[in-house]
Each structure stands twice: as C-alpha cells, then as structure tokens.
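Chemist: Letter by letter, the chains look like this.
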Amino acid sequence: MKDRLPHIPGEWIDRTREVGFRFEGEACRGYAGDCLSSALWAQGRRVLGRSFKYHRRRGVLSLANHDVNVMVQQGQRPNVRGDLEEVADGAEYSVVNTSGGLARDRAGVIGRLAPFLPVGFYYKVFGSRRLFPRWERLIRRMSGLGRVDFATPQLRTPKRYDFCDVLVVGGGPSGLAAALAAASAGASVLLTDETARIGGSGLFQLGADAARRAVTRALIDRVATHPNIRVRVGSCAVGYYADHWVPLVDAEKLTKVRAGAVVIATGAFEQPAVFRNNDLPGVMLASAAQRLIYRYAVRPAERAVLLVANDDGYRAALDLASNGVEVPALVDLRSQPGDGALLEAVRQAGIDSLTGCCIFEAHANAQGTLSGVTVCPLNDDGTPRAHEQRYVACDGLLMSVGWAPAANLLYQAGTAMGWRDNVEQFAPDRLPPGVFAAGRVNGVYTLDARIQDGRRAGQEAAATLGFGQAPQQAVLAERRSPTHPWPVVAHPAGKNFIDFDEDLQLKDYETAVLEGFDNIELLKRYTTNGMGPSQGKHSNMNALRVLARLTGRKPAEVGTTTARPFFHPVPMSHLAGRGFAPERRTPLYARHQALGAVWMPAGVWQRPEYYRRAGVDRAACIASEVAAVRRGLAIIDVGTLGKLEVRGPDAGEFLERVYTMRYAKLAVGGTRYAMMCDESGVVIDDGVVARFAPDVFYFTTTTSGAANVYRELSRLNAIWKLDCALVNLTGAYAAVNLAGAGCAEVLSRLTELDLSASAFPYLGAREGSVAGIPARLMRVGFVGEWSYEIHVPAVYGLALWDALFAAAPGLVPFGVEAQRLLRLEKGHVIVGQDTDGLSTPFDIGADWAVKFDKPSFIGKRSLRLVAARPPRQRLVGFKLVAGFQGAPPQECNLVIEAGEIAGRVTSIAWSEAVGAWIGLAFVAPERATEGTSFVIRCSDRREVHATVVARPFYDPADLRQKAPSAEVSA
Amino acid sequence: MKILTCPVNGPRPVSEFVYAGELRELPDEDSCSDAEWADYVFNRSGAPGIKREWWCHAPSNIWFIAERDTALDLVLRTYLYGEST
Chain A
48 MKDRLPHIPG EWIDRTREVG FRFEGEACRG YAGDCLSSAL WAQGRRVLGR
98 SFKYHRRRGV LSLANHDVNV MVQQGQRPNV RGDLEEVADG AEYSVVNTSG
148 GLARDRAGVI GRLAPFLPVG FYYKVFGSRR LFPRWERLIR RMSGLGRVDF
198 ATPQLRTPKR YDFCDVLVVG GGPSGLAAAL AAASAGASVL LTDETARIGG
248 SGLFQLGADA ARRAVTRALI DRVATHPNIR VRVGSCAVGY YADHWVPLVD
298 AEKLTKVRAG AVVIATGAFE QPAVFRNNDL PGVMLASAAQ RLIYRYAVRP
348 AERAVLLVAN DDGYRAALDL ASNGVEVPAL VDLRSQPGDG ALLEAVRQAG
398 IDSLTGCCIF EAHANAQGTL SGVTVCPLND DGTPRAHEQR YVACDGLLMS
448 VGWAPAANLL YQAGTAMGWR DNVEQFAPDR LPPGVFAAGR VNGVYTLDAR
498 IQDGRRAGQE AAATLGFGQA PQQAVLAERR SPTHPWPVVA HPAGKNFIDF
548 DEDLQLKDYE TAVLEGFDNI ELLKRYTTNG MGPSQGKHSN MNALRVLARL
598 TGRKPAEVGT TTARPFFHPV PMSHLAGRGF APERRTPLYA RHQALGAVWM
648 PAGVWQRPEY YRRAGVDRAA CIASEVAAVR RGLAIIDVGT LGKLEVRGPD
698 AGEFLERVYT MRYAKLAVGG TRYAMMCDES GVVIDDGVVA RFAPDVFYFT
748 TTTSGAANVY RELSRLNAIW KLDCALVNLT GAYAAVNLAG AGCAEVLSRL
798 TELDLSASAF PYLGAREGSV AGIPARLMRV GFVGEWSYEI HVPAVYGLAL
848 WDALFAAAPG LVPFGVEAQR LLRLEKGHVI VGQDTDGLST PFDIGADWAV
898 KFDKPSFIGK RSLRLVAARP PRQRLVGFKL VAGFQGAPPQ ECNLVIEAGE
948 IAGRVTSIAW SEAVGAWIGL AFVAPERATE GTSFVIRCSD RREVHATVVA
998 RPFYDPADLR QKAPSAEVSA
Chain B
68 MKILTCPVNG PRPVSEFVYA GELRELPDED SCSDAEWADY VFNRSGAPGI
118 KREWWCHAPS NIWFIAERDT ALDLVLRTYL YGEST
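The listed protein sequences correspond, in order, to chains A and B.
If you read the first sequence in this note's numbering, its first letter stands for residue 48, the second for the next number, and so on.
If you read the second sequence in this note's numbering, its first letter stands for residue 68, the second for the next number, and so on.
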C-alpha cells in the first residue's frame, strides 16, 4: 500500500484488520473500513474505471457517494459505486463499461470516433426506422452499465416504519447543530447521514487546523450522548413525500420515516472545473482528496497542483502539504485571493500561489494518467492567454472552484428556490411549512456560520411542533462567494468535460444551442446532460452556466431541471413489497377443502369453482353438480354475497330511493328483486330485499359489489339523513342455498317452520331456527328449482352445513360454475358479466324492474331520457342450431351484422336440460325478436349462426321453483 | 404519503381513504332541462382550485367533506357532511 499515510486522527480504517479482495482478477489488499476506491488508490492504482461513451480512463472524481467513474459489478450486484462500497474480504469486483477488461478495453477506440458521435446522436440516428434495430442492438451492447443476473434469488427486503418530531437529513456541522438545537428544545430527533459516520465536511475540510476538527468533534460528542437524538448512519434520505414522509435507504432495508418537521442539511456537491482533459486519473475535486486523507489515510498524489477559486481550496492545499504531498503551485482563478490569513498560511507552507490564472489543459503520460498541467494567465474577460503557457509537472490536480447545493429534497418538498449572487447558487426563497434548510444547501459556507444556521433551523423546526421558541434570526450572508461564476476554459481540441457520466464536452453544449435546444429542459434531453447515474450532481451547475452564457442570460433566468426522487439509486429489492392482497374465506372454507373444492377468486373472496372428483374431468364434475340440482338436492355456499341490513322507520323509503323497484309496501315476510343503477341509469348491482319487520329490511348484493354498495349507500344516507341506519352483515352471516325439489323435505327435519307452499310461499322470507340455529330463510329462484337461502350467524355456519349433510347423507355440493349454468338456463343476468358500463335496465330486458311511478331513485332522471330514445341494443337468449358441431363461440365473441359489430356474446354454455348450446348476447334491437337468427364471429373468425329464443330456456313458467315438488312431479 | 384528517378518527394515512369526487349540487330532477341533467351526470370540472370533495375513511366507513386546494394538494379542512358549509 504505497500511498497509505501514517495514522490520521479519526481515520475510518481499522489497521488491525486487513482484507483481501480481487479487482479485475488481480489480488488487492486494503483495510476494513476502506471503500473500494480508497483501497485501490492506496495501492497506487490510478485507473479505476472507464467512461460511459468514449471509454476513457477514469480515476477518483468526487468520492462523495456519487462518483460514477468507479462503478463495478460484484457478483449479482451491478453498478456498485467504488466510493460507497466498503471492501469485503474475499469479494471480487470487475469494472462495468469495458469490453475486455479495464486495462485493455477494446472499446477505447470509440474515443477516436468521437467526431462521428455528435451531440444528440440518438435523435439524429434513430430518425431512420430501417436502421433503428441495428443501432439499438449495438448501443445496448456498448453502453450497458452493469449486468443483470436473471438467476438472482428473490430477496425479501424488510420495510420499517419510524417516527420522530424532527428529522435532520445530513450529519455535517449544520445538521449536527440543528439536531442538538431541536433536541435541546425537547423534540425527539432522528439524525440521518448517508455515509458511515457523521461529521461530514467538518472532519475533512480542515486546512491543517486541528481546532476546526475539534469544533465538529465536540458537536458529535454532544449528539452521541443526547437522550433525544437517535443517529442513523449509512442511511440515505432518497426522497421527500407529502407531509414529511421520507424514505431512508440503507444496505438492508427501506425505512419510511414520518416526521413532524424536516431539517435539510444535505450540504453541497463540489463542482469540477472545465478544461481540456479534466477527466484524467489524478484530476479530482479537492474535497475528494481531503476525504482520501482524513477518512482513509490515503495520499491523493505525490505532487499536486491546486486549481482554486475559494477559501476551501487554500485549506485543501494546507491539508495536502501537511500530509506529505508536494504542492508546486496553487492556481487561483480569481485575481484577488480571499482570506488573508489563509493566503499567509499557504505562503508559509512554501506553496507558490498564482492568482488570475487557469489550467489550460492537463496532460497524460503513457499510462493515460495525469503527468502535468499547462497554466495560463486569464484575461479580464475570463479567456486564457494561451500563448503565456507554463507547464507544471504533477500527478495530482485538485479542483476547488465551487459548489452546488444538494437541494434535491428541498425541490421535492416544493421549496421555491432563488438565485443568490453572493454565493453564485440557488438557495431557498420560500420553504414549505415544516421544512427547514441549514448550512451549505441554504447558501451558508463558513464553519461558524453553518453551525449557527443549523442551530437556527433546529430551533425553528422544534418551535413549529410546540417545542421552545423560534429564534428571531435571519440567515447569515456570506461575504465572499465560495463558487466561481465561470470555471470554464475553452480549448480548440476539446475533451473539456462538463458531464463525466455521459462524456459531454463543452462543444456539445455549444452545438446543441446552435441546433436550437436552448432551454434547460431541452438541452438536458438533447445532450443527455445530467441523465447519467449521478443525475447531474457534478454537471447541472456548469451546464446551466454554459447555457446562460451562450444565450446571454443570467443563471437565475435559465433555471433548473426538475429534481425527482430518488436522490440516489435504490435497489429494486428495497422497493419490491410483498403481496398483501387480502383474501376472504367463508366460514365453510374447511368443508369445501375437504370436499375437493377447486378455488376461484370472486372479488376478494375465494369460492369453490367446482368440486374435483377422482378420475372425472372438470366439465364432467360441473355437469354432475348441475344434474344433482335438477335431479333433486344440492347445496351451494352463498356466504360471499353482500348482506346488508337497514333498520328504522324510513328503511323502506331509503330502499325505494336506492333501488329501481318499490319496497315501502313490501309485506313483512316477503322478498323482492333489487336492481341498482348509477346516476346515468346503468345497472351496477342487484340482489334480493327481504322484509323481516316493518322497520327491518335485510338485503343482498353481488359478491364483488358488496363493499362499494355498502359504502355508497352510507354516503347517500349521510346526505338524505333518513331515519334509518345501515349495517354491513356480509362477514357476520354465513349463507347457503339448499336447492332442488327435495330441499323442503330435508329442511323439514331440521326446523319447526311450516314449509308448506301456502305458509312459506315462493319469494317468502321467514325467521326461525334450523338445527337449533337462529336463521333467516328466503325462498329464491336463482337456479330455477325449489330452494331456500339460509342465512345464519357466521359462527354457526359450520354447524348448519354439518346438520344439513347429516340430515341428507347424499347431499351434493355445487360450485360457482354449476350455478352459472343453472341461472343461465333460467335466463338470469349476472351484473358485470351480462352487463357492462353502458347497460341500462332496458338493454337487458329488465324494463319490468323500473318503477317510474315513485318520486325518485338513483338513475331515474337518466332512465326517463333513455326510455324516450330508440333502444341501442338488446340482451337476448339464443340457441345454437341443433346438432351444432365443433368449438362453440366464447363469451365476448362478437355478433356481426352486415360486416359490422352489432353486439357480443355475454354468456354461453352447453345445457343438458335444454339439449343445446344456450347463451345470452347483445344484438341490434331489430334482431331481438324470437326466432330471428344472427351471426357470431368466433375467435378463429369462423361464423356461427344462432337463433333468438325466449327466456327462460328451462321451465319457462317457473313452475319448479314456485310449486311444491309434489305438484311438479305430478 | 399524505395524511388526511378524518373528522371522527383523526389524522390517518391517505391510503386508508377512498375519494368519491367533488361535492356537487344535485339539480332538481323534475324542473331541470335534459342538458342540465346530462351536464350533472357526465361532466366534471378538472380546473385546479379549492374544492369540496367526498372522502370516506374506509375502515370505519365515515364519510366526510374535505376542502382541498387541488392546485397545491393542500387539505384546508375536513368536516362531516352538513356540519359546515
């Protein structure tokens, strides 16, 4: 480890634990606590990655968790960032974006093709539809970042919830001060930082001044021991959502934090200068060099030149000089250096400071890494005096020319940001309620001022929640800008990069503007500036400046692009949730299971589709269930139906306003069909209403409509304020339909109720006991046989089922499929299957159910309009021709009339009872009369003829469901 | 995730609520013209502004009115229907 420095106070590495890993197949060593980039740099490696487009050699740039120069694949993990990844013993890393490895990347040749890869390349090339597939294949192969391993095992990533009064994002000096201030006021504080330790720049931007470090250390010590503060490191706040809802992402999990107030103290991203070859390995941000020294005890270079435009750069020079780096020159873009004391300290360290100068270009050695720089004086207008060149040999060039606020979360929270000339950056003008900014992101840069600003923000955040008083203190204004307004130097040979992610050079922006893309959003998309993995964290500011200058505007007038979540890439596994789709089961679930039920979903419910029997196929199982109903006795679980009760003097009035029929005069002990429309007159639900007392109505809805019907009826009653109350009994009641001619005889063994046709007629409803269980019974005709719907409290569901089976040992259970056929034979409509979002009662032949002679009901006004118009379509029953052979049409196959679509099949099935394929279909009104034939086009375009027949298909006079079984058989 | 304040249950995450559109005046069925009725049934105003909306706290089935600035997605107040106008 040739570039490892002696012990540095506060270093993150553990020198007692060496780790061995492989990088590009070669054995490497580092210390526990090293990031991949620092471990490699310590070994003297300078080329750590290849660029995205031109495959140029790249080293460390920012080392601030968004350094995309070093992106590696580790096993199944693609695009692991070298500055974020703590090296693990035994890990193997390979660089993404190469063709044949980092050292001999065959794609490096692309750099020489650069003149043929103009800006807006995609748009220019993809104009040709014919060539598109070829380009697409080529570009996908060339520009893919990591490799996705489709064999990656599914990981269950935990999700957590957390709550606090004040969430402080960022653990630098301002964040620490904010956390302490809020906590001291009494608020519970969660302090989060994306790096492994808190302290931020307070522990590496030192200027070789131990006192600065001590200030931050003291804050850290107080935070660590404060009972109101919890600290989460290695935990990135990746977005801001409504009402202070902030997701924190760490290595293992996603934590959703709900805070009372949020302090954004996310600091600023150091920005690169733009000059020729500013991407050579060895050229890096000054803060990156300081991180290498103070976090990882790694020497950034042997001999380093500094390019500065602020006090931070002078401090960086002192940090380097005091840690064994030779500093031959400090190049200051400004003609007047700033802080006198720093200038003096730099002089005393023997550093030659050149003011009013720039780096004209950087030079590479045979290995492609930095070997020296050309320094030029600057004219007053900021252009270089290229003929006054001075060459300085160096293997490091550190840039400290300015900052851009890490304001992503502030933008997402809806902060109005405004340009500040004094710091050459955007800063919050107007913050949303409960959101506060502190430190560099707020345009405050000097260390003392940042701490003060943090304290102010922390107190304000606590005060909004009622803890303590908000200070009457304005944000402190910086006297000298830490950011240079134009750190850009043109060069005839180019390769002066603005966006390192996407290899975009200064001339690309000039070309784009010339081609008319002179708006920041257009420029972004055309050049792809800021669209790489780091999302413009080191390119947006310079792009904005370049655009401003090219279009003669101020940066404030150019504006910024939208900062969307996420702030930092989030692994898909952290976002993927477990499927928590609720599934409802009736109380009889276990009995169905034991009987071999094949389950099907019906809304949120699971229902038996049919019951499987050994050696019998699905169709035969269903057919035998149907036969059992028609033959004499069978049972179906109808507990999934919506079951509502409305009670009160106005209960009848309520139902009359809701449903299309009349209920106020329905006799106690009677039932009536119920059809519900929406305001436009479309049928949305149906069921049966039973009256058990003058003020008690019990009614059913469709299985899938139950929740919505109950909710909507509740809303209507909130408006109508009728003297009645609604109860949802769907889950509270179990229900079965005991169907078939033999049902009354079986039931009579279990109940005292008089089941005779005169005492309990068709459409009657009774309360009584069945097998000692309190029950509500209704004589219904849905399946076309004598049948009783028996509703009992859910806890007795199993007891009822068992009692019925005990009373009738041969009782056959039937499923939803059999029921669908049985009701089809009776011509009954299933709302949602035989109707759609446009079907009115008239369309489906339910004119009889619409009672216009009552004051109002939902949909009445619309139905009056519909009734006055010629019908659009009609639902009819049909039969296929006798002896039809081949595959029958399917539901949703189209009805064709003179080559045009005239309707569709809504239900179709083979009916053994009728001896034909029967179904329901929408047809043109003029085709709706009995005996008319129409054409159905099958999925395979065959045309099948069908004939309109009267409904019901089976037992047209409804004798079987109305009359006693004895009378029917007689 | 947004927090919405149910007048009965207090502040709850918005995922517990069901939205049911703007609170609109029902025209008089008998006296309104067909065009007025059709406008009521089929047309909704999407213009941003302060709107009174129906919301339901689904687990407790509490319907209430939320006064919301749809331009800012800011809930100004919530109250039970009929309690405030």
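Think of the hints as simulated: they come from the structure by calculation, not from any bench.
It is possible that part of the hints are untrue.
Here's a subset of chain A near chain B, in silico, CB distances under 7 Å, partners left out [stated by the list, open to error]:
# : residue
1 : 57
2 : 727
3 : 908
4 : 989
EDC-like cross-link-like pairs, simulated, lysine to aspartate or glutamate; straight-line CA separation at most 16 Å [unchecked claim]:
# : chain 1 : residue 1 : chain 2 : residue 2
5 : A       : 901       : B       : 96
6 : A       : 300       : A       : 373
7 : A       : 901       : B       : 97
A quick note: this is a predicted structure, and the numbers were derived from the prediction, not measured.
Beta carbons are placed, not taken as given, at the ideal position from N, Cα and C, and that holds for glycine.
Chemist: State for each hint whether it applies.
Modeler: Results for each hint:
Given the 7 Å rule on beta carbons, the hint for residue 57 of chain A is violated: about 39 Å separates it from the nearest Cβ of chain B. Because the beta carbon of residue 727 of chain A sits about 5 Å from the nearest beta carbon in chain B, less than 7 Å, this interface hint is met. Taken as an interface hint, residue 908 of chain A checks out: its beta carbon lies about 4 Å from the nearest beta carbon of chain B, inside 7 Å. The criterion of a C-beta within 7 Å of any C-beta in chain B is not met by residue 989 of chain A, whose closest approach is roughly 39 Å, and the hint is violated.
Of the pairs offered as hints, the one joining residue 901 of chain A and residue 96 of chain B holds, with about 13 Å between alpha carbons and a cut-off of 16 Å not exceeded. This hinted pair does not check out: residue 300 of chain A and residue 373 of chain A have alpha carbons roughly 44 Å apart, beyond 16 Å. Simply put, residue 901 of chain A and residue 97 of chain B have alpha-carbon atoms about 12 Å apart, close enough for the 16 Å limit, and the pair holds.
Violation of the numbered hints given earlier is confined to hints 1, 4, 6; the remaining hints are satisfied by the structure.
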